[in-house]
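Peer 1: Spelled out, the chains give:
There are 2 protein chains.
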Amino acid sequence: MAKILMGPQTLIYPMPVLLVGANVDDKPNFMAVAWCGIANGEPPMISVAMRHHRYTHRGIRQNLSFSVNVPSTDMVRETDYCGLISGSKINKVEVCHFKVFYGKLDNAPLIEQCPINLECKVVHILDLGSHSLIVGRIEETHISESCLTDGKPDVSKIKPLAYTTAPARQYQAIGDVIAKTYSIGEELRARE
Amino acid sequence: MAKILMGPQTLIYPMPVLLVGANVDDKPNFMAVAWCGIANGEPPMISVAMRHHRYTHRGIRQNLSFSVNVPSTDMVRETDYCGLISGSKINKVEVCHFKVFYGKLDNAPLIEQCPINLECKVVHILDLGSHSLIVGRIEETHISESCLTDGKPDVSKIKPLAYTTAPARQYQAIGDVIAKTYSIGEELRARE
Numbered sequence: 001m002a003k004i005l006m007g008p009q010t011l012i013y014p015m016p017v018l019l020v021g022a023n024v025d026d027k028p029n030f031m032a033v034a035w036c037g038i039a040n041g042e043p044p045m046i047s048v049a050m051r052h053h054r055y056t057h058r059g060i061r062q063n064l065s066f067s068v069n070v071p072s073t074d075m076v077r078e079t080d081y082c083g084l085i086s087g088s089k090i091n092k093v094e095v096c097h098f099k100v101f102y103g104k105l106d107n108a109p110l111i112e113q114c115p116i117n118l119e120c121k122v123v124h125i126l127d128l129g130s131h132s133l134i135v136g137r138i139e140e141t142h143i144s145e146s147c148l149t150d151g152k153p154d155v156s157k158i159k160p161l162a163y164t165t166a167p168a169r170q171y172q173a174i175g176d177v178i179a180k181t182y183s184i185g186e187e188l189r190a191r192e
Numbered sequence: 001m002a003k004i005l006m007g008p009q010t011l012i013y014p015m016p017v018l019l020v021g022a023n024v025d026d027k028p029n030f031m032a033v034a035w036c037g038i039a040n041g042e043p044p045m046i047s048v049a050m051r052h053h054r055y056t057h058r059g060i061r062q063n064l065s066f067s068v069n070v071p072s073t074d075m076v077r078e079t080d081y082c083g084l085i086s087g088s089k090i091n092k093v094e095v096c097h098f099k100v101f102y103g104k105l106d107n108a109p110l111i112e113q114c115p116i117n118l119e120c121k122v123v124h125i126l127d128l129g130s131h132s133l134i135v136g137r138i139e140e141t142h143i144s145e146s147c148l149t150d151g152k153p154d155v156s157k158i159k160p161l162a163y164t165t166a167p168a169r170q171y172q173a174i175g176d177v178i179a180k181t182y183s184i185g186e187e188l189r190a191r192e
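These protein sequence lines are chains P and Z, in that order.
According to this note's numbering, the first sequence holds residues 1 to 192 in order.
According to this note's numbering, the second sequence holds residues 1 to 192 in order.
So here's chain P without its partners, still in its complex pose:
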């Protein structure tokens, strides 16, 4: 199988699309982010990479708290809009008709229409070059009751979005089930 060198590249596989929220000068703002990650298990932490000059970044530094909201496929228009426009010019909450609510933290605005909402407190900010890597401890998780099956989160109801980078530049749904985890690999034990 021939391999081609592409030089150092980021985001070459699809990543989850999230709406990261913060209060900036006491007003809620949201930006679309695909450069996110899970950072720790106990306590639960998440990471978000953000350019230094971002308006949302300013709010996160003001309050040392932020939110992570998981939009569903039917919010793709609003999600894309939140990646197109800066909150310094436009009130995105109004344009997107977001219903904003708060949980445990005073300055982590949450979007009611998003099926999942995380409230996060900043524990680290690493300046890595073009971006800050912001690590937040998850303080609370909210899920829409309509996205539960037997009281548990159901991905087929949450309908999250994946972001596929250039040249495709598209939002994609999470697709067919390929296999169960910690299960199909057992088949290879016969080769041990």
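In case anyone wonders, no lab produced these hints; they're calculated from the structure.
Careful, some of the hints might be misleading.
Copies of the same chain look alike in the list, so a pair counts if it fits in one copy or across any two.
Subject to a maximum C-alpha distance of 25 Å in a straight line, what follows is the list of computed BS3-like cross-link-like pairs (lysine-lysine) [as the list claims (entries may be wrong)]:
1. K27 x K180
2. K180 x K3
3. K27 x K89
4. K89 x K3
5. K121 x K157
6. K159 x K180
We have chain P; now place chain Z onto it with these hints.
Peer 2: Same frame as chain P, but now just chain Z:
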């Protein structure tokens, strides 16, 4: 829309599944990781969260380099196996029939069968609690020629896997295209 509180939770939306590689005591080993993230743009960096006692973790600390390999849906069996078993007991490369090659870095083993391979040098290791967050600078990207269309990466040929956590516990394909990025959101500009 009623919301339910779930307490602090990680991995509540599907994440990409990657095979992270390192040489441990000079022998290549790979583990399945979904707790990854994009950390920086220029220079390109990636983050991986890993429990401290992991065998692969030991190799990363020995060499301060690692690889990130993107498996395709037809490698789901091998990928799952690499999440089931520790390299301290089993030679996963042999069991999985991985063809290992090296690029720029001497100690970042790459899997030829994976359509995308990143070579990374460690720039930060943050101890966050149960896990270390390992931040690596991407030194080189390899892509299988068969996964290109007009010389560019084609997600429909790469066929990456997403990991959906409990209660589903399943690997899923990347699915239908929902919309183009930096495009569909323009429809909301009329509301500004």
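Peer 1: A separate judgement is required for each hint: does it hold in the structure or not?
Peer 2: These are the hints, each one checked on the structure:
| no. | hint | verdict |
| --- | --- | --- |
| 1 | K27 x K180 | neither (43 Å within a copy, 29 Å between copies) |
| 2 | K180 x K3 | neither (30 Å within a copy, 28 Å between copies) |
| 3 | K27 x K89 | within (13 Å within a copy, 54 Å between copies) |
| 4 | K89 x K3 | neither (45 Å within a copy, 31 Å between copies) |
| 5 | K121 x K157 | neither (28 Å within a copy, 39 Å between copies) |
| 6 | K159 x K180 | both (19 Å within a copy, 17 Å between copies) |
When the structure is compared with the earlier hints, violations turn up for hints 1, 2, 4 and 5 and for no others.
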